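> Chains as they are written, first to last, in the UniProt record's numbering: chain A, 1 to 222; chain B, 1 to 465.
No lab work stands behind these hints, which were simulated from the structure alone. For clarity, every value in this text was computed on a predicted model and none was experimentally measured. Honestly, I wouldn't trust all of these hints.
What the hints assert, rightly or not - Label pairs and their in silico Cβ distance ranges: (1) A/99 to B/218: 37 to 45 Å; (2) A/208 to B/281: 19 to 27 Å; (3) B/235 to A/64: 53 to 61 Å; (4) B/219 to A/41: 43 to 51 Å.
Claimed, not checked - Capping the alpha-carbon separation at 20 Å, the derived lysine-lysine pairs in PhoX-like fashion look like this: (5) B/247 to A/87; (6) B/99 to B/7; (7) B/247 to B/209; (8) A/14 to B/292; (9) B/109 to B/124; (10) B/193 to B/7.
Claimed, not checked - Facing chain B, a subset of chain A residues (Cβ under 10 Å, in silico): (11) 11; (12) 53; (13) 104; (14) 160; (15) 170; (16) 172.
Ideal Cβ placement from N, Cα and C applies to all residues, glycine included.
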Amino acid sequence: MRILLVEDDELLAKGMITRLKRMGYQPELCTTGKQALLAAEDSGFGLMILDLGLPDGFALDIIRQLRHSGVIMPILVLTAQSQLDTKLTALNSGADDYLVKPIDVLELEARIRVLCRRQQQRTDDNLHLAGISLNLQNHHCQFQQQDVSLTRREFMLLKEFMLKPDRILSRQQLEELSYGWDGDNESNAIEVHIHNLRKKLSANLIKTVRGVGYMLVTQYGI
Amino acid sequence: MAFNSIKFYLLLGINLLMLGTLSLNAWVAYHDALHELDEIYDAELARSAKLISLLLSSNPLRQINAEPLVIAVPHITEMGETLSAQQERLLDGHKYEGKIAFQAQQGGKLVMLSENALQFPTPKRQAGYHEITEHGTLWITFSYFVPEQDLWIFTAQREDIRKELGAHIAQAQVRPILFMMLPLSLLIYLVIKLVLRPLQLLQQQVANKTPEQLHEIKLVLPLELQPVQSAINSMLQRIRRYLQQEKRFIADASHELRTPLSILQLHAQNLSSATDPLEVAEAVDAITESSKRMSHLVNQLLSVARLEHLQQIDCEALPLTPLLHQSLSQLPIKLLDKVHWQLELDDSCQVYGDSTLLQSVLRNVLDNAAKYSPADGTVSIQTQRDSNHNIMVRISNGGSTNADINRLGDRFYRHQQHQQTEGVGLGLSIVKHIVELHHGSISFTANHQHGLDVLIQFPEAAAKG
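Chain B on its own, in the form it takes in the complex (with noise of 0.2 Å):
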């Protein structure tokens, strides 16, 4: 498993918050033990002490002078913790006892003591608990003073062993949870390992998707990843759209420049075997003409090639009026004398952009305009500014055709009944990529005298001062 995944960072996490929370449980349940047990055996102390001097009051030694009486305790400190309770109950008392010394002092002079009180401390005579350090170790004490018989009980118990009765509590805590980890992680894994599963499907649907394969994800998934699929979906089909439309673009160029690749052959050849000087000039002539309409090709190509890779243009405010007209005098003389040009312009209108650019695409509309005009027919041109300081530029022709408006711009389309004009369809296709360079739009509409309006759109440069 990597370390940079979320499978690993879950289980991990999972993991880490699941020990820290079984820990702090086990840390608290050990500190509640511990005060429970300072709790029973303190009162066992104060118990013990009380017992004792009942004892000697009801029933005072007799042999004042005598030794102390010593009182034996069992000595099976050592049995392991591996027994029952039952086991540990033993005929002649617990091993605890054992942990548990005695004292009795009357007028200053020991009368009883414990057998294993030999180590006992130094006991303060002032009634209550005391934590007295002797020889390294703390013990915890419990005097106890009857002033009728000038009686003091001292009862004694060494803190390890409340210490290790602790210790044993929270091993008992903590054995569960060691014993629980493992399974627990491992059941962590499996359902992480589950819940992932659609994400792993989808990788691999991803990771199958070849160029010709683009077909959309349809997946079940869960509600999170539903977006994404549809976001991968949606990405396919652009790049399907985009590889549709380079498709065409190679089969368009590669039979737009067949073409006239054939009759340079075709000619060529007829030339080489002519023997009329009519064939010689009519393949003379077709050569020339195919040879013009290659070299327009191959320009106008290159225009588009050199467009899609500029993202950025030089950008200066422009007047349009000027821009129009400079625009109309570079039309050729035939396609100037062909229409009638009504202009209706506002020449307060400025622009953004490159003028060489947009004079490239003026002059191409233009152009189209009249060249799909009938002879004799109007081609106007109307520039205005909308509320919303866009410029809009509309250019009508009449009669020209039912063009397949939705496909105008296309690389290389043109209309079939316009095929025998001259051109290659690569001009407004040229035109609606500066257009878009300068931040504007185009559309097309089909207008009342079976013309095309094409509308040009740009947002507005401020006026100077």
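Just chain A, with the same shape it has in the complex (with noise of 0.2 Å):
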């Protein structure tokens, strides 16, 4: 899943870069509040990480237009602005969830776990899907009741396609999920990627559609 952080300490958004990447996660950092609105145009963002205190102008000005144009993508405040009536405005502008800064981090994880599970409108972490079990707490991955170890970008790949059973993902898609913005594009690294869940799970269970995308089938012949 992408995360658009929206963060002008560099030093904090490098840390946390590092963090959500660890999390599975991919983020995508923006120093400004006019980068973060046209970054979020792109519906491709899971969540939404926004500190309040941004060089150009209030960040609660984004959440409302955000919300005024139809996104609903979760918004998390994370900042150091700790007075109620802060808190309040920021919740009452359609931010769906406010933490003060200093954060664990385990708690930032969680939080961002349960704003997904929330917009995905499932009552836990656990993935069932074609006999797949996917954790998306602890990355526990089960396939046919035998563990199954993922690396970070195939866990990545895989609750992408398990969020989005039978629905062709394409493959710029699934590139910006692995890579991020600058990240290296080898043309072939998805593919590996694939080739790999495919093997250690089930051959028939990730389809190619040639010149779309790949997708995951929940009714596939063994």
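Fit chain to chain and form the complex, with the hints in mind.
So, in structure tokens, the structure goes:
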């Protein structure tokens, strides 16, 4: 899942990016509100983490504008401002959660998962589909009751497939998910990860749709 | 009612004044009445004497050798004072009749006397009024001589009877005063209470103020209390502003402390689970950088706190030019090299102050001027003395931004475009405070090069010798 991180402090952003990647997310960084508004037009983000103290103006306006234009992606406000009225204004403007710095990364991770769970209308963090069980919290994966160990990128791809079963995910979508805007785009990298997933799970599980992308098939012949 | 109160003093004062005035009035009336009574009684003594003499001369007593004639007077002296004048007018005379006694002597022989003249004092054979004390009683007597018949008429009256009447008159004066005192006092009390009501209202309003509720007091008050109300309101406004400033300071300080703390925590947690040497290096760098930022912030905060409690400084006359040179030399080399420095200094300028504090002011302003100037820009420093004996230091840079000039110098204020630049936003606030401690002023104006002119003014120190 791609996360839009809006944070102007370079050091903090760096640490967050490292952490979020390790948690199995693909963060993209914006340092100003203007950038954030442009980036949010890209529908590929699953969540936005927003710092309120942005250099070019009030982050609260960003929330209002996004909500006004119908963007429903969860927005988690992460800020050093702890006053009640700021909290209330942010939540009332359309933010889904409000965390005050300093934060514990475990809490941040849990809250991100909670927001996604609500967004995807799930009751827990376990995905079950076509014989695969995927735990989004501890990244534990089982296929037909057998433990399967996945790399970070494989986990990200499989999670995306399981959240959107029987739907074609384009190559570009999958590449952005794995490498971000400025990642290394070796043309065959996605193929390598898909190939590995097929090897670890089942060869027929992920179907190639030529010229378009890939699709997780829930009714497949073994 | 408390003794130390306006109400009490007003009540006491007005009541005493009223009592005093009324008593004086009664006293004067009493003495006037006594005087008038004296005159009436004196006249009566004379008239009675003349009447008796006329009577005796027109109808001389036949029995020369007989016993003197005793005239009966009614004994009704004990009649109460409660009777009306009509009731006192009796068939056989008046009660005061008994209080005038008389004697008539013809040729040294007593011919006639009133019944009550037994205690009559020894009369003086000298025409006119006399005051005679006999058996401890003072009598007023009148002696009248008719030479043709060798007839002496003496009339007399006891002085205490006059006093008694006087006392009755005085009592009649005092009684209404005593009756009026209580209701008057009560009325005065009510009036005072009514007059002081606005003061009480104002007091209630002030007493109800809490730090959360410091709104202006808007009462319709009498003219005398309006300045008090506006003074209270302006104080409330100052308290409000101060509280707001403190609130912002706390919010800003916690904000500034929380960000580096977040960085520390995040990178420390990253470090604990890092496997990649690159990740380790990144976390360590971030932790180091963030700790530096925090210690700078804490130092600045401590300076602010220290300065805010500093009320007096050790002053000495300091030549300004060496001070500026020293401050410049303390700037980091990379800032010194970043811009061109243009100095126009009047070497005779001297200021009164603490050299360490003043250097930190100059260093801070110069540091800011260079930091927020574009690379290869020019920072000019100008010192001069104006006609009012003020020393002016003008430091200008170019190409900065349209800073919110009014907020420059506020604690933690940093222009949004400069949030990336190193610093926490406490420097100018410290500078402002030090300049004020030196009885100087600092102002900021945007200049034509899109930069900022910082003008610091100090009172001039007189040159030695």
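> Evaluate each hint against the coordinates.
Results of checking the hints against the structure:
1. A/99 to B/218: 37 to 45 Å: Since the Cβ atoms of residue 99 of chain A and residue 218 of chain B sit about 43 Å apart, the hinted range of 37 to 45 Å holds.
2. A/208 to B/281: 19 to 27 Å: Given about 40 Å between the Cβ atoms, the range is violated.
3. B/235 to A/64: 53 to 61 Å: violated, 39 Å
4. B/219 to A/41: 43 to 51 Å: violated, 57 Å
5. B/247 to A/87: holds, 16 Å
6. B/99 to B/7: Violated: residue 99 of chain B and residue 7 of chain B sit about 53 Å apart, past 20 Å.
7. B/247 to B/209: holds, 18 Å
8. A/14 to B/292: Since the Cα atoms of residue 14 of chain A and residue 292 of chain B sit roughly 17 Å apart, the hinted pair holds (cutoff 20 Å).
9. B/109 to B/124: holds, 14 Å
10. B/193 to B/7: holds, 7 Å
11. 11: Since the shortest Cβ distance to chain B is 5 Å, the answer is holds.
12. 53: Given a least distance of 7 Å, the restraint on residue 53 of chain A holds.
13. 104: Result: holds, 7 Å to nearest chain B Cβ.
14. 160: violated, 24 Å
15. 170: Result: violated, 30 Å to nearest chain B Cβ.
16. 172: violated, 28 Å
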